[in-house]
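Student: So the chains spell out like this:
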Amino acid sequence: MSSSSEVDNSTYYVPEQGWYPVFLAFGLMLLVTGLAGFLNDMKNGSSGDWTQSIIGFLFVSFVLYSWFAKVVEENAAGMNNAALKKSYVWGMGWFIFSEVMFFAAFFGALFYVRSFVVPWLGGEGDKGIIGDYLWPAFESTWPVVANPNADLFVNPGESMASPGMMNWGAYLPFYNTVILLTSSVTIHFAHDAIKAENRKKLIGWLAVTVFLGIIFLILQVEEYIHAYSELGLTLDSGIYGSTFFLLTGFHGFHVTMGTFIIFVQLIRAMKGHFTANDCFGFESASWYWHFVDVVWVGLFIFVYVL
Amino acid sequence: MSEVIHADHHDDHAHGPAKGMLRWLYTTNHKDIGTLYLWFSFAMFLIGGAMALVIRTELFQPGLQFIEPEFFNQMTTNHGLIMVFGAIMPAFVGLANWLIPMQVGAPDMALPRMNNLSFWILPFAFSMMISTLFMEGGGPNFGWTFYAPLSTTYAPDSVTYFIFAVHLMGASSIMGSINIIATILNMRAPGMTLMKMPMFVWTWLITAYLLIAVMPVLAGAVTMMLFDIHFNTSFFNAAGGGDPVMFQHIFWFFGHPEVYIMILPAFGIVSHIIPTFARKQLFGYTSMVYAVASIAFLSFIVWAHHMFTVGMPLAGQLFFMYSTMLIAVPTGVKVFNWIATMWRGSMTFETPMLFAIAFVVLFTIGGLSGIMLAITPADYQYHDTYFVVAHFHYVLVPGALFSIIAAVYFWIPKWTGKMYDESLGKLHFWLSFVGVNVTFFPQHFSGLAGMPRRIPDYALQFADFNMISSVGAFIFGFSQVFFLYVLIKTIRSGAPAKARSWEGAKGLEWTLPSPAPYHSFTYPPEVKSEEVHG
Amino acid sequence: MKNQILRMLTGTLAFLASGVALADELNMRVGVTDISRQVYDLHMTIFYICVAIGVVVFSVLFWSVFQHRKSKGAVAATFHDSTKLELAWTIVPTLILIVMAIPATQVLVAMYDTGGEDMNIEVRGYQWKWQYKYLDEDYNNSFSFFSNLATPKSQIVNRSAKTDTYLLEVDEHLRIPINRKVRFLVTSEDVIHAWWVPDFGIKRDAVPGMLNELWAIVEEPGIYRGQCTELCGKDHGFMPIVVEAMPEAEFDAWYATKVTSEVVRQESMSKTFTHDELMVQGEVIYGTYCSSCHMANGEGVPPVFPAIAKSPVALGPRDDHLSLVINGVSGSAMQAFGKQLDAVQLASVVHYQRHAFGNDVGDISQPQDVINLFNGQ
Ligand code: HEA
Ligand code: HEA
Ligand code: CUA
Ligand SMILES: [Cu+2]
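In the order they appear, the protein sequences are chains U, F and H.
Quick note on our numbering: the first sequence kicks off at 142 and runs consecutively.
Quick note on our numbering: the second sequence kicks off at 39 and runs consecutively.
Quick note on our numbering: the third sequence kicks off at 2 and runs consecutively.
Derived from the structure by calculation, the hints contain no laboratory data.
Cβ atoms here follow ideal geometry from the backbone N, Cα and C, with glycine treated the same way.
Each hint should be verified, as a subset may be incorrect.
Think about it this way: if two alpha-carbon atoms lie no more than 30 Å apart in a straight line, the pair counts; the simulated DSSO-like pairs of lysine-lysine are [to be verified]:
{"id": "1", "chain 1": "F", "residue 1": "K536", "chain 2": "H", "residue 2": "K71"}
{"id": "2", "chain 1": "F", "residue 1": "K234", "chain 2": "U", "residue 2": "K227"}
{"id": "3", "chain 1": "U", "residue 1": "K336", "chain 2": "U", "residue 2": "K412"}
{"id": "4", "chain 1": "F", "residue 1": "K234", "chain 2": "F", "residue 2": "K57"}
{"id": "5", "chain 1": "H", "residue 1": "K85", "chain 2": "F", "residue 2": "K234"}
{"id": "6", "chain 1": "F", "residue 1": "K57", "chain 2": "U", "residue 2": "K211"}
{"id": "7", "chain 1": "H", "residue 1": "K340", "chain 2": "U", "residue 2": "K184"}
{"id": "8", "chain 1": "F", "residue 1": "K566", "chain 2": "H", "residue 2": "K71"}
{"id": "9", "chain 1": "H", "residue 1": "K311", "chain 2": "U", "residue 2": "K184"}
Cβ pair distances, simulated, as ranges [said to hold, decoys possible]:
{"id": "10", "chain 1": "F", "residue 1": "L232", "chain 2": "U", "residue 2": "V326", "range": "29 to 39 Å"}
{"id": "11", "chain 1": "U", "residue 1": "I237", "chain 2": "F", "residue 2": "A88", "range": "37 to 47 Å"}
{"id": "12", "chain 1": "H", "residue 1": "A254", "chain 2": "F", "residue 2": "I513", "range": "28 to 38 Å"}
{"id": "13", "chain 1": "U", "residue 1": "I237", "chain 2": "F", "residue 2": "F104", "range": "43 to 53 Å"}
{"id": "14", "chain 1": "U", "residue 1": "I195", "chain 2": "F", "residue 2": "A537", "range": "36 to 46 Å"}
{"id": "15", "chain 1": "F", "residue 1": "L232", "chain 2": "H", "residue 2": "F63", "range": "44 to 54 Å"}
{"id": "16", "chain 1": "U", "residue 1": "F443", "chain 2": "H", "residue 2": "A254", "range": "56 to 66 Å"}
{"id": "17", "chain 1": "H", "residue 1": "T91", "chain 2": "F", "residue 2": "A353", "range": "21 to 31 Å"}
{"id": "18", "chain 1": "U", "residue 1": "I237", "chain 2": "F", "residue 2": "Y328", "range": "24 to 34 Å"}
{"id": "19", "chain 1": "H", "residue 1": "K154", "chain 2": "F", "residue 2": "M173", "range": "26 to 36 Å"}
{"id": "20", "chain 1": "H", "residue 1": "G359", "chain 2": "U", "residue 2": "D182", "range": "28 to 38 Å"}
{"id": "21", "chain 1": "F", "residue 1": "F104", "chain 2": "H", "residue 2": "G359", "range": "25 to 35 Å"}
Some chain F residues judged to face chain U by a derived CB distance under 10 Å, without partners named [to be verified]:
{"id": "22", "residue": "S196"}
{"id": "23", "residue": "L232"}
{"id": "24", "residue": "M233"}
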């Protein structure tokens, strides 16, 4: 069976061994142990040391850069056949699904708290005895602006709740929604541009998308500053602050990633990468962007408006 | 086009395995990675098993003999975590790596570099987790289910490392699953339609979906813990409007599918071994596939059966009781189909078959005690006693673990080209069989009599059963060290194995020579009808 | 009669199957409440059904194993499908499950029948003891006490012989009257515990900040023992539950004296104690509440549990020491004992810590100092 010891890449491209994965795994460990040490130092009152996590982060970034560069290079050399590209598509698709489930955990927490825990603590529903007996002073409202125990968790003065559709004109999250929805359209135009092999348009629309992503992030930061400094809405202001900041925070983190990824695609487009039939990098970035957008719509509805 | 590439790549790369350590660090080959996974899981099994022996030694007699309660809790926690995440799951992924490409007629896994990453994350993650045992304040001591607030406000500092270790393991599992899904859906040889796929492939496909769906939820749970610990959020604190019980809902939304993640591939393995040694086709292939899918579906809506005592409203209790009981139906279909496969077969009882039959019997016992646990009012009496410990060890040890051992005996001729020693294998089986029952059967009784789990010391009426159980644990543990010996002996000096190592073996992997070539099917094989679903 | 024969039949079956399942100490307790008996019957019903399923399934399997072996010349048949069979073994188990679900639902509904209670007791879990609060009609505290493990350390570390109630004995029993519906409001101060009395057929988690309801009508006087059944940290195995069910009249008399002594206790808050009185009381309280972490000799288990001997706190200003013990150290195992101990107890234990283990500060702590601190907050 001598023939089977050779790889025939025409049916499927099987890469040779490489150093990237094991170094990436090592870098990840460096990163998270550094982070864990830092967090523990902070908790115990000493000033934490970032160094190791920064080194880990740089290490991870470097490996990822080399790895992706290698994949791009292999693709340019025509080694990736159609079957492998299909695997990439499956891979990206299910990766996005796993991200959906990550957000589902936080949305689930939000729904559970709103429909069960807060009413119970406020003396309503099947287990209202909890509130009656243990938290007599607590009223069930959503957003929770007065916590069951306000000594342990500061009360937010105000919430981010929607001021009603009539007043959306002065409501930042509404603008954010418009911006993100628009960016989904612009990235779609960029896709059309690829299909039409119009590089100028592609670069243009990608740039617009990146720009919109950055604007969104700036507004989001602005909103956080507002929350912390004016509303008294913080991470430790009880369950409303917890769900609000983790949901929007992880979304914001994903927007940051997405913007960066699209930015990379922009650079690649300027370098002349991508053709109408071969633009997986771009397409996966755009799916990711659409996903981030859909999550935002969920956030806007369930965190802000309802 | 591809010709050109092919040619110029030939010169600067060797296509066989590279030499030395780097082969294992850098490999992209599904067999190498499978081997790494299998050895890693075996090492973890011994470490987790050694911790079980610490537990059983302390519980040999009432009174505190050897270790402090604090350390006992760390042993229980780490035993559970290491066995679940370090031994059983990686063993199944290792088997998937070895077998899926061969069974669907592919050259390798779909995304080989990511495959390597999925593996190499694990040693780092587990070093992190085990190193916490040596940290100031000790390692995780809150049970493998790490209920808040014991795992948040009241946890040792090392919990932060534990949280990140869980994140890493989750990332590894998700990438592993994506790889498996892409391989199965995208790389089957022409003619291998979905309903012709071997059962092991089917069960892994569904398991991979379970993993992708629930590992991120676990990541969410530990992330909330992280924020509760370090940033004073109040997800699991009623004083801020959260609820400690919410942790349990999120955990078990992951945790229950997780236990099926540890049994579905086992179902697949057994569905290969029984037909082979019964020399008869698997009975009811289609219903087997549907049964696995139904179990997977149901696994998402039964989670709160672990939480009957947290005080849910009546409607919730009833819903989760009924949905849990329903799982007996598809699982029953599987058991009956295996027996129908054996019925009027022409059976021989080589080691894999012995383990497979023991699997069917002992798993069913574990399943039946599961049904008893599902009955809510009765579970008030069983919950958090050794009855539960007995239940889950019956489904996990003679269940998941036996299936893995059976798989190793069954496919090792294909992997190494060598045959194991049949009488040593049989001896290993009988020792394990006796050991496992002596260890875990008495735990049903101590549980019913009222012995809580996770305690280092117990009242006098439980003494006899604990003593028996501890003796059994040492017998069982010793027989697994013996297994290691059998394996090494096979690899070193086993008799050469035939390509089709078992008379009744069906499936594409048996059409390859033994040992299988480094790259499985470089040209897609033709799928002949007599080779489908082995 | 028919029932008896049936019971004997199933009994024998179970006996054969598991060998030993009938012996009482191997099985679930029947218990002393109507609910616990219902649960027991339910348990036995499901158990017999499961044993019967096991017997049938394994008989077929082993029959096949013995008859259809190659060494006996068996030739493999070729069938591999049968819709009829598949349907049968989908439908029959479903029916069996329905048969199981009906009594299960009935018992569960009966258990959820709270309300109409004659008295309320709050059960509060602490690391690692239980507190019982007897409540009046308006849920106000009449009196309360802690129930600590009473097994001496020497038995646990095998230095003295273990008694029959090893690990299942406490310093003060929870007392309840028989034949009255007692409702328990279960909650926790720190982590999750679970309150379980097997003989009553009830178990419920004690969740901090949350509350669960349980109830029992006990029919026979006696002492019933259980344990904490949710992992709650180091001494999870050492927080038993002992309930003493008393005849109604006896209980009422005990209750009355408890209420009176509560009044006396309230009065002692304004007393002034001598050094010796404080040391005597303080040593007892230290032994019950503090020594599990700070150790009887005051050396602690550094670095987790700091020593009291030469502790900067114990040698420092008295009020800082008092308020540390009252408020605890958040985020650590050091609890806020202000919620568990009264002013007399707090004053004496702090005084003791400041004058034992070689510490000798020379000041004195009085209940009034504690009350002042409380009021200052
Ligand atoms: C491989 C792992 C595995 C598997 C397959 C199962 C299978 C099942 N488990 Fe188990 N379980 C665990 C692992 C597993 N479990 C673990 C680890 C825990 C403890 C976690 C912890 O707290 O640490 C646990 C705990 C656990 C509990 C919580 C107990 C408690 O804490 O109080 C419950 C309650 O309902 C339960 C039920 C079931 C049921 C109904 C099944 C069913 O799937 C079983 C179905 C199988 C059969 C029923 C047998 C075959 C069927 C027939 C022969 C047909 C005819 C039968 C009938 C009609 C009844 N399990
Ligand atoms: C996933 C699979 C799995 C497996 C395979 C096992 C295997 C075993 N388990 Fe356990 N177990 C769990 C999963 C598993 N377990 C879980 C999830 C829990 C719950 C944890 C919790 O409560 O949080 C648990 C809890 C648990 C308890 C209850 C602890 C408590 O409540 O305090 C006990 C007690 O007897 C126990 C015993 C055993 C024994 C004796 C084995 C034996 O089968 C082990 C046999 C193997 C060996 C003994 C290894 C032999 C090796 C050597 C002797 C050599 C050592 C050498 C080196 C290290 C180099 N396990
Ligand atoms: Cu309290 Cu366990
Ligand atoms: Cu479960």
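Student: A separate judgement is required for each hint: does it hold in the structure or not?
Tutor: How the hints compare with the structure:
{"no.": "1", "hint": "F:K536 to H:K71", "in the structure": "21 Å, holds"}
{"no.": "2", "hint": "F:K234 to U:K227", "in the structure": "22 Å, holds"}
{"no.": "3", "hint": "U:K336 to U:K412", "in the structure": "17 Å, holds"}
{"no.": "4", "hint": "F:K234 to F:K57", "in the structure": "38 Å, violated"}
{"no.": "5", "hint": "H:K85 to F:K234", "in the structure": "23 Å, holds"}
{"no.": "6", "hint": "F:K57 to U:K211", "in the structure": "23 Å, holds"}
{"no.": "7", "hint": "H:K340 to U:K184", "in the structure": "26 Å, holds"}
{"no.": "8", "hint": "F:K566 to H:K71", "in the structure": "27 Å, holds"}
{"no.": "9", "hint": "H:K311 to U:K184", "in the structure": "26 Å, holds"}
{"no.": "10", "hint": "F:L232 to U:V326: 29 to 39 Å", "in the structure": "37 Å, holds"}
{"no.": "11", "hint": "U:I237 to F:A88: 37 to 47 Å", "in the structure": "41 Å, holds"}
{"no.": "12", "hint": "H:A254 to F:I513: 28 to 38 Å", "in the structure": "57 Å, violated"}
{"no.": "13", "hint": "U:I237 to F:F104: 43 to 53 Å", "in the structure": "50 Å, holds"}
{"no.": "14", "hint": "U:I195 to F:A537: 36 to 46 Å", "in the structure": "54 Å, violated"}
{"no.": "15", "hint": "F:L232 to H:F63: 44 to 54 Å", "in the structure": "35 Å, violated"}
{"no.": "16", "hint": "U:F443 to H:A254: 56 to 66 Å", "in the structure": "58 Å, holds"}
{"no.": "17", "hint": "H:T91 to F:A353: 21 to 31 Å", "in the structure": "27 Å, holds"}
{"no.": "18", "hint": "U:I237 to F:Y328: 24 to 34 Å", "in the structure": "28 Å, holds"}
{"no.": "19", "hint": "H:K154 to F:M173: 26 to 36 Å", "in the structure": "28 Å, holds"}
{"no.": "20", "hint": "H:G359 to U:D182: 28 to 38 Å", "in the structure": "34 Å, holds"}
{"no.": "21", "hint": "F:F104 to H:G359: 25 to 35 Å", "in the structure": "32 Å, holds"}
{"no.": "22", "hint": "S196", "in the structure": "8 Å, holds"}
{"no.": "23", "hint": "L232", "in the structure": "15 Å, violated"}
{"no.": "24", "hint": "M233", "in the structure": "20 Å, violated"}
The earlier numbered hints that this structure contradicts are 4, 12, 14, 15, 23, 24.
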